[in-house]
Amino acid sequence: MAEPPASDSSAINTEMARLMDSVVVRFSGDSGDGMQLTGDQFTNTSAVLGNDISTFPDFPAEIRAPAGTLAGLSGFQVNLAASDIYTAGDAPQVLVAMNPAALAANLSDLEPGGVVIVNEDAFTRNNLRKAGFESSPLDDESYLQGYEVHRVPLTSMTRAALDDLDELSNQQKDLCKNAFALGLAFWLFDRPMETTLAFYQEKFAKRPQVVKANTRALKAGYAYGETTEAFQSRMSVPTRTDDVPPGTYRRITGNEAVVLGLVTAAQKANKTLFYGSYPITPASPILEGLAALKRFDVRTFQAEDEIAAIGSVIGASFAGALSVTASSGPGVSLKSEGINLAIVMELPLVVVDVQRGGPSTGLPTKTEQADLLSVLYGRNGESPIPVIAAATAAECFDMAIEACRIAIRHMTPIFLLTDGYLANSSEPWLLPDLELIEPIEVEHRTDPNGYQPYLRDEATLARPWVLPGTPGLEHRVGGLGKQDVTGNVSYDPQDNEHMIKTRAEKVARVADYLPPLEVNGPDQGDLLIIGWGGTYGAIRAAVEHSQSEGRSVASCHLRHLNPLPKDLGKILSRYRQVLVPELNMGQLSMLLQARYPVRVVGLNKVQGQPFRIREIVSKINDILT
Amino acid sequence: MAEPPASDSSAINTEMARLMDSVVVRFSGDSGDGMQLTGDQFTNTSAVLGNDISTFPDFPAEIRAPAGTLAGLSGFQVNLAASDIYTAGDAPQVLVAMNPAALAANLSDLEPGGVVIVNEDAFTRNNLRKAGFESSPLDDESYLQGYEVHRVPLTSMTRAALDDLDELSNQQKDLCKNAFALGLAFWLFDRPMETTLAFYQEKFAKRPQVVKANTRALKAGYAYGETTEAFQSRMSVPTRTDDVPPGTYRRITGNEAVVLGLVTAAQKANKTLFYGSYPITPASPILEGLAALKRFDVRTFQAEDEIAAIGSVIGASFAGALSVTASSGPGVSLKSEGINLAIVMELPLVVVDVQRGGPSTGLPTKTEQADLLSVLYGRNGESPIPVIAAATAAECFDMAIEACRIAIRHMTPIFLLTDGYLANSSEPWLLPDLELIEPIEVEHRTDPNGYQPYLRDEATLARPWVLPGTPGLEHRVGGLGKQDVTGNVSYDPQDNEHMIKTRAEKVARVADYLPPLEVNGPDQGDLLIIGWGGTYGAIRAAVEHSQSEGRSVASCHLRHLNPLPKDLGKILSRYRQVLVPELNMGQLSMLLQARYPVRVVGLNKVQGQPFRIREIVSKINDILT
Amino acid sequence: MTDTVEPPVIKPPAGEPSPLTRKDFVSDQEVRWCPGCGDYAILAQMQKILAEIGVPREQTVFVSGIGCSSRFPYYMDTYGIHSIHGRAPTLATGIKAVNPDLTVWVITGDGDGLSIGGNHLLHCMRRNVDVKVILFNNRVYGLTKGQYSPTSLPGHRTKSTPMGSIDYPLNPISVAIGAEATFVARTQDTNTKHLQETLRRAAAHRGTAFVEIFQNCVVYNPTAWDHTTDSSVRDDNIVYLEEGKPLVFGRDSDKGIRVNGMIPEVIDVDSNGAANEGLAVHQESLDNSSYAYMLSRMQHPEFPLPFGVLRCVDRPAYTDMLVDQVQQSIDSSDADLNALLHSSDTWVVE
Amino acid sequence: MTDTVEPPVIKPPAGEPSPLTRKDFVSDQEVRWCPGCGDYAILAQMQKILAEIGVPREQTVFVSGIGCSSRFPYYMDTYGIHSIHGRAPTLATGIKAVNPDLTVWVITGDGDGLSIGGNHLLHCMRRNVDVKVILFNNRVYGLTKGQYSPTSLPGHRTKSTPMGSIDYPLNPISVAIGAEATFVARTQDTNTKHLQETLRRAAAHRGTAFVEIFQNCVVYNPTAWDHTTDSSVRDDNIVYLEEGKPLVFGRDSDKGIRVNGMIPEVIDVDSNGAANEGLAVHQESLDNSSYAYMLSRMQHPEFPLPFGVLRCVDRPAYTDMLVDQVQQSIDSSDADLNALLHSSDTWVVE
Ligand SMILES: Cc1ncc(C[n+]2csc(CCOP(=O)(O)OP(=O)(O)O)c2C)c(N)n1
Ligand SMILES: Cc1ncc(C[n+]2csc(CCOP(=O)(O)OP(=O)(O)O)c2C)c(N)n1
Ligand code: SF4
Ligand code: SF4
Ligand SMILES: [Mg+2]
Ligand SMILES: [Mg+2]
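Protein chains in written order, with numbering that gives the first Met the number 0: chain A, 0 to 624; chain B, 0 to 624; chain C, 0 to 349; chain D, 0 to 349.
Treat the hints with care, as some may be off.
Said to hold, decoys possible - Here are the simulated BS3-like cross-link-like pairs (lysine-lysine), alpha carbons at most 25 angstroms apart as the crow flies: (1) B:202 / D:144; (2) B:202 / A:500; (3) C:144 / A:205; (4) A:267 / A:218; (5) B:500 / A:618.
Unchecked claim - Residues from chain D that keep clear of chain A, each with C-beta distances beyond 10 angstroms, as calculated: (6) 81; (7) 269; (8) 287.
Derived by calculation from the structure, the hints in this document are not laboratory data. C-beta: ideal position from N, C-alpha, C; glycine also.
Modelling step: build the complete structure from the supplied sequences, incorporating the hints.
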């Protein structure tokens with residue numbers, strides 16, 4: 000933050016702020032209060048203005064849990080910064096709480112000295128009770144001590160602003176209170192209202208009264224900030240001045256990026272994209288996103304279950320499409336038998352696992368990284384499969400393409416891991432120049448001369464991908480033990496061992512095509528942090544912080560989990576200690592220890608929440624002192 | 000073998016024979032030729048006589064592949080010994096080949112100098128062609144060189160013996176040729192015919208003609224041996240003289256032992272045994288075995304699929320039965336989502352995985368050990384589960400009881416691993432004194448006072464097992480994230496982490512109840528061999544062989560794979576090198592390397608066949624020289 | 000319901016007056032459906048009829064899969080399992096096989112029960128496992144936020160079908176009848192009395208009782224059942240089935256169903272609605288399921304939708320027969336474990 | 000078949016005479032069923048009719064699950080997949096969705112298709128995916144050596160039911176009709192001509208064509224179909240369905256089916272068997288599936304078993320509609336990938 004607030008009592012933790020060069024704002028209210036929309040608008044405006052941004056929405060598992068309860072809360076956190084940031088921030092400095100439950104659930108996360116804006120009107124006896132308060136915390140000095148609290152009668156002021164809009168019911172008017180709150184936030188952070196006003200015009204085009212109401216409420220909120228003297232100061236996060244690559248940017252979530260990446264891959268491969276899937280949180284938006292893109296020859300199939308989904312994808316791959324399925328924990332388990340068939344049939348397909356909190360049904364709307372071992376080993380018999388993972392929401396685009404490329408080049412199913420955090424959180428994305436993305440080469444053999452179903456490419460060991468419909472190349476494949484080259488069923492002991500080793504070698508050779516790993520920090524030193532997946536941002540921020548404090552720390556983020564990059568072993572050997580932070584109980588740690596002569600320290604968390612930067616910083620400090 | 004044959008040309012490899020103090024006989028013929036029955040009778044007679052025995056049947060995947068083909072062969076190998084043996088033997092010294100295909104498939108396995116008995120009548124043009132011979136190998140000196148070959152017109156001699164049995168068709172008479180072959184074998188090994196004659200009486204009680212025919216054929220075969228001078232000598236394996244624990248013995252296969260173990264466990268727990276399963280090779284005989292034991296209050300349910308099977312077992316466990324399911328590779332994959340539910344519901348149940356050759360449909364009738372990592376990690380999220388494995392066919396009895404005991408004591412699902420080899424091969428089993436098997440303590444809380452569904456036992460962390468029907472203890476459980484003690488649904492980050500850690504700790508505490516590991520060999524030394532599961536026999540025999548050659552080798556066999564026994568680390572550290580032979584690509588190896596500061600050498604084989612002793616001996620030699 | 004056709008009152012099974020009240024069946028968990036969701040009404044009526052029937056709480060088990068509707072067991076103060084998606088019938092089968100005295104209810108949705116769980120439901124019904132299966136049909140996936148389901152109508156636009164669904168829907172009642180179900184009924188969330196009576200009937204059936212409840216998902220599919228709830232049209236769109244009574248419907252009971260060949264047709268009936276020639280007369284317990292199947296084919300808007308018990312026949316329940324076979328074995332043979340171990344050739348080493 | 004009722008000859012679809020012969024469809028793999036297994040006959044007739052129909056081999060895909068019957072694709076010289084247990088319809092759906100020009104056959108068994116795979120079959124049929132599903136019903140699990148299956152009769156003793164089965168069997172035809180199938184037929188392995196004609200009819204149907212074939216497992220269930228194969232009784236146990244013809248059967252065509260209410264009954268018919276009053280007349284393309292359902296309820300021994308096409312109606316195939324929607328989108332909008340990436344608020348950094 001450029002201008003720290005003048006007074007002591009409002010002292011937003013300036014050290015932290017300086018460190019991160021950012022402000023973190025959290026909106027929290029009932030699921031029905033429109034918090035996601037409010038947060039989105041606030042974020043878009045800031046992004047368009049030129050801040051770096053990163054968001055983290057947090058939904059309840061219920062569709063609409065009872066209003067006013069803790070279970071019914073929906074939150075949206077955004078981090079705005081004048082320079083590169085990597086996460087949605089550890090702790091908000093500003094909290095907008097639409098009701099007592101929102102206050103109760105979020106206050107303890109707030110930075111000391113942070114700003115709280117509460118909707119005073121919502122502090123009714125009933126709501127207080129639902130949030131577990133005996134009496135109003137607003138009247139309890141000790142409860143709010145150390146924060147700058149603003150009690151704003153959001154509901155009544157919104158109603159007042161819309162008083163003469165006779166066509167709207169009171170209920171409808173009350174729905175506009177998020178616009179009022181947003182207007183106030185715009186004032187507080189000195190943001191223009193244009194983007195949001197345009198959004199209202201477009202979104203409610205068919206209901207001019209609603210446009211009017213929201214517009215008025217938004218402006219009223221802004222005006223309230225300007226006229227009241229309650230706020231000690233505005234806060235302004237300057238636009239980025241650091242080295243931002245030039246180009247056109249948009250915000251994107253991980254799920255959106257997967258959708259766009261898959262469509263791009265299909266176009267680059269000149270293929271129909273077949274997507275067979277069964278809805279499951281948090282993967283469903285991929286199905287929904289692709290269903291709307293039929294114009295790109297995307298064929299989506301909502302199957303009767305995950306087993307049917309993987310089956311359909313195997314069939315589609317056999318028939319020649321770029322074939323993809325996605326799911327989350329429970330659904331991924333159900334696909335394992337099918338994936339094994341694809342491994343043995345040696346057909347290209349992509350399985351996206353949007354990891355969520357487990358085990359079992361677990362925490363469907365929360366994030367975790369605990370499916371790594373399961374996707375590596377969760378099938379009967381020896382069945383190696385490539386596994387890659389995206390590090391950031393935007394990178395999901397590139398990794399989706401990478402997954403398709405590997406699948407096709409090596410004729411293999413492949414796992415792409417993302418997670419609930421990446422899926423829903425958003426960050427700026429520099430739109431790629433499509434011309435610069437390399438085509439995905441696909442070859443479909445048509446020559447019957449000398450054809451055998453399991454003849455292999457010398458470099459990759461891939462077998463030919465032959466399309467049914469091709470005369471003279473008719474062949475049969477299945478899941479039984481088989482002979483190499485001919486693909487004929489075989490129970491011969493040597494054939495069996497040969498095929499198992501050959502498939503393993505084929506997957507191992509994916510490593511021949513990987514770029515060298517990047518190390519962020521010194522080439523050798525005291526501590527190396529190895530990360531993978533959606534923890535990238537938190538690790539990167541923590542490492543840069545520690546480096547700035549003079550520590551000999553580097554980090555290296557794995558996108559390829561199987562096979563592991565060839566240079567990993569050497570890199571590991573150059574540091575005195577290795578730390579592996581994971582949102583699981585130590586899965587990558589185990590793999591590294593099994594494979595390399597190294598003991599690693601794990602930093603493990605399974606709380607359904609991403610890492611906070613300070614959790615990693617503090618672990619680094621522990622290790623190095 | 001006590002009496003080596005007199006002449007040189009019939010020199011059965013006496014070194015090997017002396018070493019193992021045994022003879023290995025293999026019967027091979029068409030699936031319809033009754034080879035399993037023949038082998039069984041030969042084995043029973045020898046066992047009752049007082050030999051140690053070990054068998055290994057080898058079936059085709061087809062029900063009845065076309066007669067005469069390699070694919071249609073069914074084999075049965077038995078190892079008879081005067082002292083402790085651990086496997087069915089590496090290589091037969093005697094081969095009974097009922098047709099050309101049987102000769103073609105098995106000759107190369109035979110010990111040099113071994114005895115071959117062929118059914119000369121079956122060497123027709125048609126059969127030769129099906130077996131891939133251009134001309135008869137019986138006429139090809141070089142093909143049979145080095146073996147003692149006996150051409151016996153089995154079919155015609157059988158027909159002749161049954162000539163006057165007018166009620167039987169020729170086809171029915173021909174079916175008796177295995178009895179003729181068996182009679183000959185009985186003569187050759189100086190075995191009495193009583194057991195088999197009694198068996199015919201019982202088995203064909205309703206068809207006296209068939210009893211008569213088989214009896215006659217058997218005796219004719221014996222007489223043939225006695226009268227013809229073709230055989231240079233009889234072979235006699237003396238009855239055991241080594242230290243055999245006294246008691247009553249029977250032969251048992253692994254699947255039979257699982258059946259008996261489960262029934263015994265249910266009786267020891269004073270519980271209904273509920274078994275829900277879907278047929279799959281090689282696990283189906285467990286279902287079939289239990290279905291016949293309803294008188295022990297065993298309730299079997301053939302479900303519509305494996306998912307229904309595991310679901311039914313979870314329901315049955317909730318309702319208070321000792322609940323078990325079994326399957327093999329593809330079916331085990333399908334159970335993973337359900338097992339995860341059981342893990343989170345913390346209900347006792349046993350999942351038996353009779354491992355077969357994978358991946359995918361793989362080699363359904365063959366053996367492998369490649370599901371270890373899959374049962375450990377093949378579920379979404381962090382979901383630790385105890386895993387134990389039986390080392391021998393007879394030990395399946397004890398391990399089935401152990402699985403039930405752990406499941407109930409620790410209120411957890413558990414995996415019991417066996418494999419296709421253990422399932423079908425047989426060995427002598429010293430019948431236990433049932434009185435000496437400890438009861439399985441079960442407590443069902445009925446006191447509503449202070450009851451909470453996830454209140455935990457201090458020692459084990461097990462939660463109470465409450466039976467529906469108990470007044471005042473009504474409660475709800477499910478797969479969502481939950482709070483400890485109350486079991487209420489919770490999305491609270493700390494609750495989630497607490498539950499994941501608590502379940503992990505609960506499983507870890509199973510190790511508090513394990514006996515110390517046994518080391519077979521020196522307490523410290525050059526090489527330690529760590530094995531698990533059905534490779535026990537081959538490892539043990541190889542180690543004893545190497546020890547007898549003066550090598551500093553010990554072995555240690557793991558029955559508990561998760562948690563690993565606490566003393567394993569110390570034991571590992573006492574040897575200079577560690578070898579882990581597995582019928583997979585190195586799964587236990589990986590676990591040991593990840594967990595202990597040790598590098599292990601793997602001996603890996605994925606050919607659908609058990610280890611041969613000499614493969615392990617030769618690996619030991621490699622390492623130690 | 001005052002100014003409309005009164006749904007027939009189905010007699011509850013005879014018994015003592017129950018000492019229980021609805022509250023006894025209310026658990027301490029906060030109910031978390033969307034305000035206005037049809038699930039609330041079903042929950043309330045279930046609690047009410049269970050209290051009236053008087054099966055002890057501890058003898059009652061609710062098992063569900065995953066979905067909004069599948070949260071149901073948490074709210075019932077009985078034994079309960081919130082299992083995994085589609086698999087509730089399998090758990091219920093295991094429970095009943097072990098303890099046939101328990102009353103087991105399966106709560107499922109159109110996605111849970113007919114999409115991922117279709118096969119288990121099918122096999123549960125054909126086996127006639129003694130469980131009551133209540134399928135909340137809202138023609139949409141609620142919990143996962145509004146994708147279409149196997150009962151969504153053709154052309155239905157949802158998040159996953161932006162151009163309209165091209166899947167031909169399943170008719171849950173036809174599926175149940177085709178799967179050999181012994182008890183098949185239909186009712187509606189807000190049709191309070193009819194819902195109660197239908198649940199009572201289900202409770203009284205020994206074997207699989209399959210009940211489809213039209214349920215309103217106010218968030219993702221709020222108009223799905225307007226034709227059977229809107230008081231201006233519903234009477235023309237529902238025919239209440241009453242054993243032995245002709246199939247008559249309409250606000251003024253002026254329409255009826257006649258069956259021509261195998262094909263039903265709507266005809267006008269005499270204003271007193273009684274003895275019209277050719278009107279089909281409801282018979283729920285016909286051995287041959289063709290009539291019930293024909294009823295299930297009466298679909299909106301051509302026909303009124305049959306409400307009530309379409310089929311109710313006796314057939315031994317799988318779980319009862321299972322226990323019978325076991326009991327028979329126990330009674331007729333000596334279960335000697337030691338003898339079992341010895342039941343093979345043995346030999347003695349001394 | 001000479002001295003018995005001739006099964007009706009169903010007309011093959013019109014077309015050029017095919018240049019293919021049966022041998023063209025024979026692969027180089029050795030057939031590995033038990034000697035005498037009914038699968039051989041089905042394989043031979045399939046190869047024969049495909050050659051006659053003349054669909055090119057490369058345009059044909061056979062997909063199967065696991066079971067004895069599921070080895071079928073290995074023996075057909077076409078494209079083929081021997082997939083995993085119960086899942087063949089799902090692979091077939093994916094294949095057709097990508098390439099609707101292929102002719103896709105699903106080969107399944109009573110275990111593969113109705114036990115583990117029941118749900119996929121159900122959804123395949125209701126969607127009307129354009130595949131031909133051939134279910135080899137031998138009322139037993141062959142490959143796993145003789146456990147009972149969902150079509151095994153009550154009381155059937157098998158390895159897993161030593162006291163006799165207590166599962167009530169599924170009727171595959173009733174299930175198919177209840178699942179909205181558009182084409183449903185039944186035939187027998189050894190009824191050569193009828194088998195051929197039925198396969199032809201299935202091949203000609205656009206949409207899911209479901210064919211149940213009574214198939215003899217000589218090893219584990221050899222007497223299952225004696226009543227429809229034994230020449231001394233079979234004519235009394237089969238009624239051949241012919242479009243527009245009355246339901247007449249019996250060695251002397253002296254019996255017929257009349258439908259009373261919804262209930263079929265067997266009646267004697269005039270020796271010339273022609274215009275008997277009240278005899279049901281076969282209509283395979285009725286929109287309402289109640290008649291077909293009623294036929295499916297005719298079961299041995301009370302009734303003759305209907306052989307032939309019970310139901311054949313037109314409904315757009317799912318896979319065709321899927322491709323249509325995609326084509327419509329392609330035709331009506333500009334698929335600009337770059338514009339898609341930009342379809343959200345953007346900002347420029349210079
Ligand atoms: C294996 C698995 N796949 C998918 C899901 C996601 N999921 C949960 S509920 C549901 C569908 C719910 O629809 P329905 O059964 O109609 O219930 P409703 O919410 O409408 O009451 C889905 C797809 C899951 N939990 N588990
Ligand atoms: C997931 C899985 N479960 C079980 C099996 C074992 N299995 C193979 S075929 C089969 C049943 C076969 O019966 P059916 O479909 O009737 O075919 P048939 O052999 O009678 O032709 C079973 C249970 C398997 N291969 N995969
Ligand atoms: S989403 Fe629909 S079904 Fe689910 S709770 Fe809300 S209204 Fe009910
Ligand atoms: S077991 Fe039965 S179905 Fe299988 S091949 Fe043999 S006869 Fe045919
Ligand atoms: Mg629903
Ligand atoms: Mg079968």
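Verification of the hints:
1. Taking the CA atoms of residue 202 of chain B and residue 144 of chain D, the gap is near 20 angstroms; set against the 25 angstroms cutoff, the hint holds.
2. Distance hint between residue 202 of chain B and residue 500 of chain A is unfulfilled; the C-alpha atoms sit about 46 angstroms from each other, more than 25 angstroms.
3. At most 25 angstroms may separate the alpha-carbon atoms for a hinted pair to count; residue 144 of chain C and residue 205 of chain A meet this at roughly 24 angstroms.
4. Proximity of residue 267 of chain A to residue 218 of chain A is assessed by CA-CA distance (about 46 angstroms); at most 25 angstroms being required, the pair is judged violated.
5. The straight-line distance between the Cα atoms of residue 500 of chain B and residue 618 of chain A is roughly 20 angstroms, inside the 25 angstroms bound, and the hint therefore holds.
6. Residue placement check: residue 81 of chain D does not keep its beta carbon more than 10 angstroms from all beta carbons of chain A (closest about 3 angstroms).
7. At roughly 49 angstroms from the closest C-beta of chain A, the C-beta of residue 269 of chain D stays outside 10 angstroms, upholding its exclusion from the interface.
8. Listed as outside the interface, residue 287 of chain D is consistent with that label: its C-beta sits roughly 25 angstroms from the nearest C-beta of chain A, beyond the 10 angstroms cut-off.
Violated hints for the displayed structure, listed by number in ascending order: 2, 4 and 6.
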